[in-house]
Amino acid sequence: MVTVQDLSKSFKTKKQMKQVLDHISFTAQPGNIYGLLGPNGAGKTTTLRLIATLLKPDSGTVTVDGSDTVTHSRAVRDKIGLLTGEMRLSGNLSPRETLRFFGQLNHMDRKAVDERIASLSSYFGMDDYLDRPIDRLSSGMKQKISLAVSIIHDPKIIMFDEPTSNLDILAVKTVIDFLFDERRQGKTIILSTHILSEAEKLCDTVGILLDGQLVVQGSIPSLLEQYHTPRLEDIFFELARERGLTT
Amino acid sequence: MSILQQKELLSDALIIFTKEMRNIFKDKRTVFSLFILPLFLIPVLFIGIESMSSLQQQKAEQTRYTLQILNNPDPRFTDIISQLLSWQAVETPGEDTLIIEFPETYTPGVPAEISIRYDSTSSASSYAARTITRAVEQYDDVLATLTLKASGLDLEVLYTLTPKLIDTAPPQAQGTQFLAMMLPYLILIYTFAGAMGVGMDTTAGEKERGSLAILLVNQVSRTSIALGKVLFALSVGIISSFMTFAGMLIAFSVTGGFFSEQTQFSGFSIPSLLTLLITLMCTSMLAASLIVLLGSLAKSVKEAAGYITPVYIIVVVMGVLTMNLDAATQPLLFLIPFANSVFLMKSAIIGDVSALPLVLTVGSLSLIIAVLITLTSRLYNSEKILEGAAS
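Taken in sequence, the protein lines are chains A and B. Numbering follows our numbering, in which position 220 of the first sequence is assigned residue number 220; successive positions increment by one, without gaps. Just so we're on the same page, our numbering is the position in the second sequence counted from 1, plus 247.
Honestly, the hints are just simulated from the structure, not real lab data. Keep in mind that the hints are not guaranteed to be accurate.
Calculated cross-link-like contacts (lysine to any residue; reagent style SDA-like; alpha-carbon spacing at most 25 Å) [what the hints assert, rightly or not]: (1) A:K173 with A:N40; (2) B:K306 with B:D366; (3) A:K12 with B:T621; (4) A:K15 with A:Q5; (5) B:K254 with A:A75; (6) B:K273 with A:Y129; (7) B:K273 with A:D127; (8) B:K549 with A:D135; (9) B:K306 with B:Q385; (10) A:K187 with A:D6; (11) A:K18 with B:T265; (12) A:K14 with B:D366; (13) B:K254 with B:V618; (14) B:K275 with A:L93; (15) B:K273 with A:A118.
Just chain B, same shape as in the assembly (with noise of 0.2 Å):
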């Protein structure tokens, strides 16, 4: 192909991907839900989570319990127990009563099993739970100073080592665990599910609409017409992933990092926010030209729907799969279409670039993307484009 034909291809291809692009941005709804929401949605749900989760142990920590305490002998334990939790003894438990059960020959001193009954499926029960085994454990110190004391020796002597955590991890990486955990699978659910909508309107839908003959019918090249498909696809995939990575960094310094240990995140070294570009791109082109070969596949838009969902359960899997994984070492795992992206990213979040997984990564998928295309080019050159189309 000369220089001129590739200009005209890509010039061609253009006139497509405009006129998808200006009737994406002319739909408001469109443009607010894919591009505008993730940026508030992101953080309010997390401001949501983060709210729901301390007004539930505002909650708890003020919920007045009911209690039985079954044959136990020594007051200093009831008295412990009043200092961590507010609570009132029944003799008849209730359907929230928590019964703390001492073995009926019990002996404080002598080595027993106290039972705790709890409701594991009350968020307030369960803190309970977890405060009377506190209790316990204090309750057991007592005991244990006692004994000691009869013997003439301290309760400090038996804790001689005290743990201090020291973070290894580069600065910049120090508070990303949870950034590194949830942006990968959240820029891959929105990368897909952003170009899915308009990947399949954009090709089955055109089908539908019996305008996709007419669109056949002119001085483009059906290559150009494909490549325009695929272009838009992604440029719409691209745009919803940054606004999902922008919500997430907003989410992120909104609330601090909550489900992080380390609270301070110092934002992201050049070569991190590249890599985190390469990959989000990448990530988009294959998402795009998947859905757009698939949807040029299928008759109707159920169809394609049909053909597509398949793939986004698979990528929400793998999403979740590689949620809890630290970033990959092995560098065959970089060869995995989707999985690499996520461990790429998940790198680049913990500041550990390094050259291999990224060739490995942008290797393979462009690889698969040109596969894709390829196969996308030479279905709309073909008669199969127009099975099923109207007219």
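Just chain A, same shape as in the assembly (with noise of 0.2 Å):
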């Protein structure tokens, strides 16, 4: 579980102090998606890396599984797989040799590394490549590599920024379904995402995020219910005109 509570975060810009985050608080369940939804900027990226102990924040606090992540960051690490869709995986490295070194840098032994490397293979249909260099792969097959890389040590908590942009339709699916399963698993998952239809689509509670503000949370239908609207882009686009954020 995943507890974000009053959190602020700020950024010395040229100029001034910028709030990127102002004192959002949301919770995370085991076997759930939450979608943190939000234009570009909105503060989702800065959230999910205050959560992965990357940021520090100035004010309120993040646990995961009971862990803070500023007095206990390496545990927070411990439990947590994050993933960019910004990642493009690169070089002469083959996809085991790569798997192997993010295993090695969770501290896992050579044993538990492999046998996770072949369970991760099997699941993502990887075996015909494992021991090609990764600069010869598809996009498709880096973003399975990425995917694998992200969880290698089998984390409890997996967070996922913006996973499907720039990937071709089978390339989502494949992170769908990835998603799907680790939620059956019992994992808590956090999506960051831009894309509505997509966290309608998979997610479980939603937390709407603009200019830094979590300005509504709470499950798809419940939200869909209290706004009285079938789509979640409706009540994206209501919020965001209360705010004079578009016409």
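Since each chain sits alone in its own frame, please combine them into the complex, following the hints.
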């Protein structure tokens, strides 16, 4: 479970301090997919980076399965797997070597890593190209390897930042199928996306971030009922209009 | 930090290092251009220069020149030219004609100025001008002999002294002038160039590929990641400069140190080799730690190149400035980064190894390297490292 409480974060720009997150709170439950929705620059990536211990909050707390991200960052990193849509694997190493490398970074022993690679390779259908240089693989194959890299240590919490951006339709299906499978296994999943139709299909609970504020959150059926609309998109645009972000 | 933590820090850094090295050694083109090419390129370059130089000399010697000799009343002068140069006289000078002009009222034996018009941009014309100058000197000797004979004297009485050069340099240092001039410069360039590409790729490139964030979310400390990257860049720099060193030695033995007056190079003594080795390692470490720090500050490879290129140019300029200088004797010069490496390498090559320059160079470079690595480690431990990183 991930608990975000009263979280704020600002960054220093050339001229001033810019508040990127403004006292946001939410909880992502095991066996659920929590969707962080919002336009570019709303604070989604910053939120995920704060949970992943890459950034430290100005105020507020984040706990991952009871471990605080500031005081127990190493324990938190052991529990989370992070994947970003911008990640472009490249190089001359094979998927097996790359996965072994990330396994080593997570202090897994060789036997455990190799067993995990075999299991992930079988799940993602990577057996045919497991020993080919990554540079010679297609983007879809690379995306499967990226997914495998992010969960090599079998984390309890999975965080995906815009995982389907820049992907073709087949690769998107791989991501979606994977997320559903992980949810079935009781993993806590946090998904950041600006594709509302995708969120509607994937997420159990969503939070809409606008200008660093979590303006609304809840289960998708309850939100649709509350706003008397069949589409999440309508809620998003109504909230954006209220804040003067769109006409 | 406990010994256990230090061990973990190093072993984690080795994970990063091993992965990067494995990645680079799997790329045949990179391995060839960084590690194999200097072994061939430098000897080929030297052989090429030597061949071109002797070919040009041969061509200049075999060329039939057109000369216009004005106001020369003495056929002995043209005889001397004929002994030294293949030529033919022309009435109307062409573009490549050399003109030798005596004063209109010239009388042999009377002091006069002889002008030789030639084209300095043509190597053949320059060669002919030098030969004609020699012919003028020989002709002058002929005239002087005649004048002295008239007084019952011999020309030889004017030449009482014969200079004889005796090289006082230690035997192992003889024939090392060219090596001492070129080797430090080439090593400096190759060390920096070798570490530059990989250093930028492993830092700014990682940000561009969006893999930095993933790399930071695991059980390895950020200091280990920074250390692993420095270790990787410096290893590539060291291997690259070693290959340059080897290439230079091959070139030197193949061409016989053709730029040097002495051609007998007897090899390096063990203290010289050790000094070269230590200097090479320190220089590589300095270049690598500097490149990794600047690369880590950049948001993209392009930006990193913008930061590193000016430093590279400074290093190249420093190499050029120190190329023709003798090994330094002032201790303060051994405190200037990169310049101290050049001076120390020069000392080692000519076999003049002493403790103080070595201590000053290693000490000052180690201090700078420690500061650079600390700054890189701090950068990796701060949020700034993610600035500009994709996602």
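_B:K306 and B:Q385 were given as a pair; does the straight-line alpha-carbon distance stay at or below 25 Å?_
Given pair B:K306, B:Q385 holds - Cα atoms ~24 Å apart, limit 25 Å.
Would you mind confirming whether the straight-line C-alpha gap from B:K306 to B:D366 stays at or under 25 Å?
Roughly 16 Å separates the two Cα atoms, so the pair holds.
Take a quick look at whether A:K15 and A:Q5 sit within 25 Å of each other, Cα to Cα. violated, 29 Å
Holds or violated: B:K254 and B:V618, Cα atoms, limit 25 Å.
Roughly 21 Å separates the two Cα atoms, so the pair holds.
Satisfaction of hint between B:D366 and A:K14, Cα-Cα up to 25 Å: violated, 60 Å
| message | Hint check: A:K173 vs A:N40, CA-CA at most 25 Å. Holds or violated? | response | Holds, at roughly 23 Å.
Notebook entry, point to check: Does A:D127 lie within 25 Å of B:K273 when you go C-alpha to C-alpha?
Noted result: holds, 21 Å
> Does the structure keep B:K549 and A:D135 at a Cα separation of 25 Å or less?
Replying inline: holds, 21 Å
When you check the alpha-carbon spacing of A:K18 and B:T265, does it fall within 25 Å?
Not satisfied, since the Cα-Cα distance of roughly 40 Å exceeds 25 Å.
Open item on the list: For B:K254 and A:A75, compute the direct alpha-carbon distance and say whether it is at most 25 Å.
Closed with: holds, 20 Å
Hinted pair, alpha-carbon criterion (25 Å max): B:K273, A:A118. Please report holds or violated.
holds, 23 Å
Holds or violated: B:K275 with A:L93, Cα cutoff 25 Å?
holds, 13 Å
When the structure is compared with the earlier hints, violations turn up for hints 4, 11 and 12 and for no others.
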